[in-house]
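**Q** So the sequences go chain by chain: A and B.
Counting the first sequence from 1 gives a position; the numbering used here is that position plus 827.
Counting the second sequence from 1 gives a position; the numbering used here is that position plus 1.
No lab work stands behind these hints: they were computed from the structure.
Note that the structure is predicted; figures quoted are calculated from it, not measured.
Treat the hints with care, since some could be wrong.
As the list claims (entries may be wrong) - A partial selection of chain B residues facing chain A, derived with a Cβ cut-off under 8 Å:
id, residue
1, 154
2, 203
3, 210
4, 213
Note that CB positions come from ideal geometry on N, CA and C, so glycine has one too.
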Amino acid sequence: MRLSHITKSFGANKAVDDVTLDFKPGEIVGLVGENGAGKTTLMSIAAGELAPDEGAIEDRESVGIVHQHFLLVNEFTIAENLALSMWGRDPAEVIRDSGIDLRGFHRRVADLSVGEKSKLELIKAIAGRPRFLILDEPTSVLAPAEARELFDVMRRLAADGVTVIFISHKIPEVLEVATRIVVMRRGRIIVDGGAMSAEQLAEAMVEKRSPQTERRRPAGWTAGGSPALKRNELEVHRGEIVSIIGVAGNGQSELAANLRDTLRGHVAHIPEDRARDGLIAEMTIAENIALAEPRWNPRAAARRAAELIERFDIRAQSPLQRAGSLSGGNQQKVILARELERQPEIIVAAEPTRGLDIEATRFVHDELRVAAARGAAILLITSDLDEAFTLGDAIHVIYRGALSARLTPGEAAERAPVLMAGIGA
Amino acid sequence: MNVRRIAVAVLAAAVAIALLAVSGIAFGHSPRELLSILISGSVGSNFALQGTLLKSIPLLLTGLSVVIAFRAGVWNIGGEGQFLAGALGAFLAARYGMIAAIAASLLAGAIWASIASAMRLWRNAPEVLTTILLNFIAIHLLGYAVNGPLQEASGKYPQSDAIPIAAMLPTLGASELHAGIILAIVAAIAAWFLLYRTAEGLRLRASGFNRNAAKWAGINVDAQLVRAMAISGAMAGLAGGIELLGVTHRLFERFAAGYGYAGIAVALLAQLHPLGTLASAFFFGALTTGAGELQRTAGISSTVATFGQAIVILVMIVFTRSVRSAGVSPAGVAASRRHGRAEES
C-alpha cells in the first residue's frame, strides 16, 4: 500500500501536507509526533474514513483501525459487541482466532477494565483479517504487562505479513516494537528510518523553540514575595505568566477543572472546550458578559457589552445578538472580555487560542500580556508550544498528571521534548 | 423573533381548537356547532367568563411552576404532587387564618419538590422520574388522609371538613371569582421579574441553557437547581392552596384533578415565558369550561379538554426549538453522568 502526495486541510490549517509513504507487508511502523502533527488525520485517510484534498492511495488493502477512544456499547456483552461488527460468527471462535486472551464473553463491557476493553477493540479490528492494521495510541490506557501482550500480538500479525501502524507518544515503546519509525511534524514527515536513540527521537518529535529574550515587566514588578497561586510545585506570582505544556491527556483538563473548583477570590477562567464550556449560546452577548456580575440590569448590561464589543473588536451586530451566532474567534473574545474585564488577580487560561486565526491569536496574547503587566498572575495551559514559549516567564511540563520542576524558558527549550515524552528525568 | 414565537403559540392553539371542532363530526355534530358551544360556554357570558377565570387561576400557577423549572433546566413533572402538598399544607394551617394557610401552601410545595432535588444532588437521581413518583405518593397520601385522620367529623364521605370561614379567600364583589386571581397575577409578574430582571434569574436561566458553561462562568449550578426546584414547587403548592381556600374549601380524593400536569401544557404554550403564561392559562381555562359546556349540551365528554392540551403540546414541541432543547438537556446530562462519561468536569 502506498500513500502518494496526500494533503488535507481543515480551514486554514494544513493537517497533512504532501505526505508520501510506502508500506511493506510485515512492517511495524511507529508513527510519532507532537499533538496536531497530523498522525491521526493521515491514518484516517489511509483507513478511508477521510477523503484527502489532494493525493491518492495506491494499491489499497483491507484496513483495520483501532481508535484512540473506545467505540463499544457499554450495556452490551463482549459477544454482543462482536456480533455488531461480525454478525453470525461464533464469538468464542473470533476471540480464539485473534490469539488474544480475553475470557468471559458474556460479561458486559461496562464491567471490563480499560485493558480488556482495548483488547476487545483489537479483536474487533483483526477479526476482519486486515492486511493493514492501524493502532491509534493503543497503549495509553494499558498497564506495562498488557502493553507487552499487545506487542506480542503486533509481532505475530507482522510475521503473518500484516502491516502494523503504531501511533504513539511513548518513545520507549516505539523503540521497542517498531521496525521502522516515521516522525511527523506540522503535517510533514521529518524522519523516516530505522534504529535511533531515545534522545534523537525526542528531538525529532518536538521542535526546539528558542526562548523568548525580552518581556516587559509591569511597573513596580519585583521577583519573589508570596505567590498569588500556589499548588504543590506550582507557583505563579503577580505579573507573571507560567506556561504548562504537555501532550494532551496528561492531566491538563483535570488541573484546570480542579483550579476552577478550588481557587477562591478574584479568579478568571478561560475554559479549554469553548463549544461546551465557553458561552451560553442561547443567551445574548450582554447576558453572557453579565453572568458573573453581582447585579443584572438589561440596559446597563447592553451598554457595557457595547463598550466591550468596541474595545475587544468583537464582530457583532449588537449586544443583543445571540452569542451562539458568533464565529469561534469572536466567541473567544467575548469570553476574554467577560473574564478579563473584572480585573482578576489570577487568570487560568486553557488553550486560549485554539482554533483562532493569526490576528485573533495575537489579540489574545496581547490581552494576556496587558493583564500580566497590570499585575495579574497568569497560568497558561496550552498544547501550542510556540504560545507557551512566547508568553511564559516560566514553564512546567505536565506528564501523567505530575508537573516537572519549574523551568526557565531556556531550560525548557532544552528539556521539554524529553520531559513531554516521559523519558529520563 | 418574538413575533415568530407568538405566532407559533397562536397556531398551536388554533390547531387544537380546529381539531377539537372537527372531531365533533364523529359524534354527529357539525364543527361550526361545536365551535360555537365551546366559545359561548367559555367566554360567551359573564357567568361563563367567571368560570373560565376560576379555572385559569390554578393553571396559571402550575404553569409558572413549570416555566421556572424548565428555564433552569430542571425537569419538574411533579406539579400534581406539589399541588396536593400545598393544599394539604394550607388545610392544616387554615385554623391559623388565611395568611398562614397561604404561607403553608408555598412552603409545603417547596418542601415536596425539594425531596426531588435532594435525591438529585445526593444520588444523581433524575428529577424527571423522582418528581413523577412523588406525585403518586402525594395522591395516595391525600387519599389516606381524607379516609383516615382528616376525614370529616360525620365520617360519611372520603373528604375533609370545610376550612374555617376566616381562612377562605374573599370573593371579588358579587362574583364567584376569589382573590386568588390577584395572587396568581402577582406571582406571574414576580416570576417575570425574577427571571429577567435579577442577577439570580440570569444565573438560573444560564444554568438551564448550559450547565457546563454556567459552571465555568463561576455560577454554583447545584444551588441554582435547588433554588429553582423550591420556587417551582412553591408555585404549584400555592396553586393547590388557593384552590382549597378559594374554591373547594375542603380536601377530597382526586383533589388535584390534573392541574399539575396541565401546567406543562400551559408553560409550553407560553413559550416558557412567565407573562405568556397569563394568556395561555386563560386559553386552557376557557378550553376546560368550554369542554364542560360541550358535555352538558352536546353530550361529548369533557375530557376532550385533555385532548386539546395534548395537541397543543405536540404542536409546540414540533415547532419550537427552545422547548425541544429544554426537554433533552437535564435528563440527557444526568444519563451520561451515570455512565461515567466526562460530560461535566
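**Q** Each hint: holds or not?
**A** How the hints compare with the structure:
Given the 8 Å rule on beta carbons, the hint for residue 154 (chain B) is violated: about 53 Å separates it from the nearest Cβ of chain A. Annotation: interface hint on residue 203 (chain B) holds; nearest CB of chain A at approximately 5 Å, less than 8 Å. Look at residue 210 (chain B): its Cβ gets to within about 5 Å of chain A, closer than 8 Å, so that hint holds up. Residue-level restraint check for residue 213 (chain B) holds (minimum Cβ-Cβ distance to chain A is 5 Å; threshold 8 Å).
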